[in-house]
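Visitor: Numbering (our numbering) for the sequence shown: 25 to 134.
Treat the hints as calculated values from the structure; they're not laboratory data. Just so you know, even glycine gets a beta-carbon here, dropped at the ideal spot from N, CA and C. Any given hint could be a false lead.
What the hints assert, rightly or not - If you anchor each label on the Cβ, the simulated ranges turn out as follows:
(1) 34 x 86: 56 to 64 Å
(2) 72 x 123: 19 to 27 Å
(3) 64 x 27: 50 to 58 Å
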Amino acid sequence: MCKSQNVTDARKYFDAVKDISIISYSAISEIHSIGKLLLLWLGNTDAYIDPVIISHALDSIVYIAHDALESVEQEAESVGCDCIDMNTKRRLQAAKEHLEMSISAEHNQE
Numbered sequence: 025m026c027k028s029q030n031v032t033d034a035r036k037y038f039d040a041v042k043d044i045s046i047i048s049y050s051a052i053s054e055i056h057s058i059g060k061l062l063l064l065w066l067g068n069t070d071a072y073i074d075p076v077i078i079s080h081a082l083d084s085i086v087y088i089a090h091d092a093l094e095s096v097e098q099e100a101e102s103v104g105c106d107c108i109d110m111n112t113k114r115r116l117q118a119a120k121e122h123l124e125m126s127i128s129a130e131h132n133q134e
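Work out the full structure: start from the sequences and follow the hints.
Guide: See the structure below:
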């Protein structure tokens with residue numbers, strides 16, 4: 025392997041790590057903010073009268089986390105560093121499908 029190839033590979037890895045860092049920081053910051061707001065809301069007596077806000081906040085956390093997981097996985101795969109095995113991928117896909125069906129059924133009831 026020549027030096028220019030090593031530099032190219034190193035740059036590719038650097039860019040992937042940088043992107044993963046940005047994605048992770050953004051997602052964790054959003055989840056942290058939603059969590060803090062949710063905790064403040066739970067301190068309010070109205071929170072228990074109308075749990076829809078709590079449900080929406082938790083849905084947002086799940087969506088943000090899932091989106092971050094997919095983005096990080098895509099970045100890792102782009103440099104050949106896929107760290108999730110096939111069994112885990114199947115479980116994640118099944119959980120995603122179950123969640124989507126649950127949300128769809130909930131919206132149909134409303």
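Visitor: Could one say that the CB atoms of residue 34 and residue 86 fall in the range 56 to 64 Å?
Guide: 36 Å, violated
Visitor: Quick check: does the Cβ-Cβ distance between residue 64 and residue 27 fall within 50 to 58 Å?
Guide: Hint holds: Cβ distance 55 Å, inside 50 to 58 Å.
Visitor: I want to verify a distance hint. Is the separation of the beta carbons of residue 72 and residue 123 within 19 to 27 Å?
Guide: 24 Å, holds
In this structure, only the earlier hint numbered 1 is contradicted, and the remaining ones agree with it.
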